[in-house]
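Trainee: In case you want the letters, here they are:
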Amino acid sequence: MKYKKSVVLLLLICAGFSQSSWAQACCSAGTPLLSSLELPSTARGNLQFALTYEYNALLDVLSGTRTLEDDTRRRVTHSVLLETSYGLSSTFSVSALLTLVQQERRIVSPFDGTESQLSARGIGDAVVLFKHSLVPLNIFSQLEVTIGGGAKIPLGSSTLTSGGILLPADMQPGTGAWDGILWAYGSKGFLPTLPLNIFATTSYRFTGVNDRFGGEHEGYKFGNEFIVSVGVGYRTDMLLDFSLHFRFRHTTPDQFGGSGIPNTGGDWFYLIPGINVKSSPNLTFRASGQLPVYRNLKGTQLTTSFTASLTIFYILG
Amino acid sequence: MRVQGSAALITIMLSLALVGCENSTGTDQVTGDWLIPIDQIFDGGPGRDGIPALTNPELIGAAGAAYLEDADLVIGLKIGNEARAYPHAILDWHEIINDDVNGTQFSITYCPLTGSGIAWNRVINGTPTTFGVSGLLYNTNLIAFDRLTNSNWSQMKLQCVNGPLSGTSISTYQIVETTWETWKEMYPQTKVVSSNTGHSRPYGQYPYGDYQTSGSLLFPISNDDTRLPRKERVHGVIVRERTKVFRINSFADDIDVVNDLFNDVALVVAGSRAKNLVVVYERKLDDGTLLSFTPIQNASLPVVMTDTEGTRWDIFGRAVSGQRVGTELKPVRSYVAYWFAWGAFFPGAEIY
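First to last, the sequence lines map onto chains A and B. For reference, each letter of the first sequence is one residue, going 77 to 393 in my numbering. For reference, each letter of the second sequence is one residue, going 55 to 406 in my numbering.
I should point out that these hints are in silico values taken from the structure, not numbers from a laboratory. Cβ atoms here follow ideal geometry from the backbone N, Cα and C, with glycine treated the same way. Wrong hints could be hidden among the right ones.
What the hints assert, rightly or not - Below, a sample of chain B positions facing chain A; criterion: calculated Cβ distance under 8 Å:
1. Ile90
2. Ile95
3. Asp103
4. Gly186
5. Tyr262
6. Tyr265
7. Val311
8. Asn313
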């Protein structure tokens, strides 16, 4: 009965993101795939779900570290990410991440102020990650160390067109290439002395080459990506928990035909506050945002001004 | 087992719900037929007007252009007694400058990815318009659009390739592309585009990394001719569908002149490696006289060559002294671009 209720609840949530919700989709190129893989390992027989909607507003134009005044261009990505984790054993678990993407581009003409817009949507790429707990979490040490490895699967299209013309790589739902992922997670709690826990995640994605221009042409490769997040969570006895973490992200430039693409790649440093609402022992809601505190980009780029996300966590078992 | 089955069911349901939802929509879509293969047109990323063209920019005297170095390249135009310079430093960020001189209306178009600078006549079928950057590329080259009809124009093809004016050719004005130092020497009273454009851009900083000097491309091209280095700047001449390029690096440091015959058209080609310039004109006059030219060594620019009759001619093909003073040599369709672009647009181009 409990499981039936859980399934019904999850189905209701997913129904809210049905195909008719054209505004609810997500981007893959530059998508928060790695940064979304922050679930720890899962206990044996447990099934964890995390359903996230993220709004990513790219409003800032930077040249290196310098912000240029340019309010004519705007990019928005809507991401829906469903992460499912299942505990295979006391030390092994597997996570799968599915994505929906909608990319939007808006230009305000400096000539006459007219606005033109373009959007592309579809299934994004997926991730499968196998996790091994080197130090499984227990209530005595409150320490967990887990490592993992897996792949990003190119489920999403990288060849969408508009009016028959191939859209840019970063407007596509998918990257069109298989990538490899390495991942590690650690956390330490301090109960009952302090209602705090600290956590860290690091991940590296080494990207493959796609053939979005057709087999007779050279391929496109997104830059490799490295992310490290360090944070602290504050637990309360009430409904709310709070978290604050810092994320550093580095990407290498994209490549075409083996050569670097200008105006891609760089370093970002974000501050990420979050609030968790514990509805029940199995169900938690989280609201969080991502605020850039330092950016150093290769060349001149439109980049993230802020993100806002909502996540539902559910544990079965 | 029940848990695993539930998870599988949910995942499958979600996947099925998502199938077929790939789509692109928007007001930015270009419709209609193209005169060029549509699968060779790419969206460069910024979108229509994402790279803002300039119109009637602020102009300053040469002394005020502190943002320019002597070796920087400019596109120079002279109409009547007015000389104007349009620097690559500005054009790298805006690609099109719509301007007019005493009623002569033109657009300086420059594509940083193909290194091609051409002055277009922006009076189309008797009606003036302005051009903007569409954000689309063909053979990595700029596709501009006109604001009068929203037609799309291929810069290097000099032709409208989509829209109500499809098939229309664009006429051009003679330009001289050279170093800022050389242009100032030629026309000390020149006006130049100010860096005060109304846009926040790091002028003087090249926006494409090491693209100018590397052999890399950003998009596929239809034909990759490897006879010359990809990014070598060459001056190409188009005569009745045949093309011939002159390598700027093959000219002497001082003014050098070549009297050539190409596709039954007699040409004079004047160039200088050190001054980074090449100009081309027909050397047969309207009265049928076929002239031959020699360079004037240590010339007092802009006078660069003399003919067998003793007439002296300037860089814009105007006779400045001698029996033919006031006569103008007829320009030919020609411009500078990277070699790879010539090879892509005009396969089999001859190399002088």
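Trainee: To test your reading of the hints: which numbers does this structure violate?
Mentor: Numbers 1, 7, 8 - these are the hints that the structure violates, sorted from lowest upward.
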